[in-house]
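Participant: Construct the entire structure; sequences and hints are all you get.
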Amino acid sequence: MVNGIGSGGGGGLARAAIEAALKRQSQGLQNMQNQAASLSGSETAGAEGGTSFKNLVEQGLQNVNSSVQDVEKLPVEVMKGEVDFHEVAARLKQSELSFNFALEVRNKFVDAYREIMRMNV
Amino acid sequence: MNNSSSINKLFGGMRIAATGLNAERARIDTIARNVANAETTRMPGTNEPYRRQAVHFAPIMERMANGQQMIGGVEVTEIAPDHSTMFEEIHDPSHPDADSRGYVKMPNVNTMKEMADLITAVRAYEANLSVQENFVRMAERALRLAE
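One line per chain: the protein sequences are E and S, in this order. When the count follows our numbering, it moves up by one through the first sequence with no breaks and lands on 262 for the last residue. When the count follows our numbering, it moves up by one through the second sequence with no breaks and lands on 148 for the last residue.
Treat each hint with caution, since some may be false.
[Said to hold, decoys possible] Simulated pairs of lysine-lysine, BS3-like, Cα-Cα distance not exceeding 30 Å:
#: 1; chain 1: S; residue 1: 106; chain 2: E; residue 2: 195
#: 2; chain 1: E; residue 1: 249; chain 2: E; residue 2: 195
#: 3; chain 1: S; residue 1: 114; chain 2: E; residue 2: 214
#: 4; chain 1: E; residue 1: 234; chain 2: E; residue 2: 164
#: 5; chain 1: E; residue 1: 214; chain 2: E; residue 2: 234
#: 6; chain 1: E; residue 1: 195; chain 2: E; residue 2: 214
#: 7; chain 1: E; residue 1: 164; chain 2: E; residue 2: 214
#: 8; chain 1: E; residue 1: 221; chain 2: E; residue 2: 249
#: 9; chain 1: E; residue 1: 221; chain 2: E; residue 2: 234
#: 10; chain 1: E; residue 1: 249; chain 2: E; residue 2: 164
#: 11; chain 1: S; residue 1: 10; chain 2: E; residue 2: 164
#: 12; chain 1: S; residue 1: 10; chain 2: E; residue 2: 234
#: 13; chain 1: E; residue 1: 249; chain 2: E; residue 2: 234
#: 14; chain 1: S; residue 1: 114; chain 2: E; residue 2: 221
#: 15; chain 1: E; residue 1: 195; chain 2: E; residue 2: 221
#: 16; chain 1: S; residue 1: 10; chain 2: E; residue 2: 249
#: 17; chain 1: E; residue 1: 221; chain 2: E; residue 2: 164
[As the list claims (entries may be wrong)] Only some residues are given here: those of chain S computed to face chain E with a beta carbon under 7 Å:
#: 18; residue: 12
#: 19; residue: 14
#: 20; residue: 15
#: 21; residue: 19
#: 22; residue: 22
#: 23; residue: 137
#: 24; residue: 140
#: 25; residue: 144
If you are wondering where the hints come from, they were derived from the structure by calculation, not from laboratory data. We put the beta carbon where it would ideally sit given N, CA and C, even for glycine.
Facilitator: Printed below as a string of structure tokens:
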């Protein structure tokens, strides 16, 4: 169905670009997870409830992570002809958007943390 | 791509438009098949010429959290042969598929109609793409609010 993709230099370039973008995204996500883990590790007071802030953040990150990992399988699926052009574009954009939203949440999170640390007691 | 994670729920409009893109893609593929076989006078295993194919769509029903059914997108239910129009007979005794009277049955494909269908299919594809584009634009605008 998508025999044209991957044949010739253009396909290889596109593939390299997709892979580079994915690598960047998953690295960023890894950093975020590490930071969230270190931040939530020091946070113990609010953890007795069923849905603590820590749980919410972890759950959200896992959702974004699965979305990004879904896209990591994309190059292989494209080569196998399992997904269509528009599906590739939609999934890339979807993972990019959800990642950017998670990044924005993380930025606010870190900002708040820094603000509190800067407070004079 | 049917994992019902909350991310996919968040991108509901995007997913629905993607099913529309898939459906229109199937329609364009079928039109291509019809146009390519507009002169095929004998199908393998039969005495008949190629019969025009038509795509049939149906909504995808999704179960909501409260148990109710909701229309979620579109899918191709079948690609069925078109029996509504007759094969046209032309007189051409030199044709290998001509009968004893010298007549050849031609497929019931009207290339003009297929071309008109192609235009509507491409426009519908573009419309679904436009939905996706605007969905992304909305999300990006909303994100800018937080920056």
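Participant: If a hint holds in the structure, say so; if it doesn't, say that too.
Facilitator: Hint check:
no.: 1; hint: 106/S - 195/E; result: violated (72 Å)
no.: 2; hint: 249/E - 195/E; result: holds (15 Å)
no.: 3; hint: 114/S - 214/E; result: violated (40 Å)
no.: 4; hint: 234/E - 164/E; result: holds (15 Å)
no.: 5; hint: 214/E - 234/E; result: holds (15 Å)
no.: 6; hint: 195/E - 214/E; result: holds (29 Å)
no.: 7; hint: 164/E - 214/E; result: holds (12 Å)
no.: 8; hint: 221/E - 249/E; result: violated (40 Å)
no.: 9; hint: 221/E - 234/E; result: holds (21 Å)
no.: 10; hint: 249/E - 164/E; result: holds (24 Å)
no.: 11; hint: 10/S - 164/E; result: holds (25 Å)
no.: 12; hint: 10/S - 234/E; result: holds (15 Å)
no.: 13; hint: 249/E - 234/E; result: holds (23 Å)
no.: 14; hint: 114/S - 221/E; result: violated (34 Å)
no.: 15; hint: 195/E - 221/E; result: violated (40 Å)
no.: 16; hint: 10/S - 249/E; result: holds (24 Å)
no.: 17; hint: 221/E - 164/E; result: holds (21 Å)
no.: 18; hint: 12; result: holds (5 Å)
no.: 19; hint: 14; result: violated (11 Å)
no.: 20; hint: 15; result: holds (6 Å)
no.: 21; hint: 19; result: holds (5 Å)
no.: 22; hint: 22; result: holds (4 Å)
no.: 23; hint: 137; result: holds (5 Å)
no.: 24; hint: 140; result: holds (5 Å)
no.: 25; hint: 144; result: holds (6 Å)
The structure is inconsistent with the numbered hints 1, 3, 8, 14, 15 and 19, although it conforms to all the rest.
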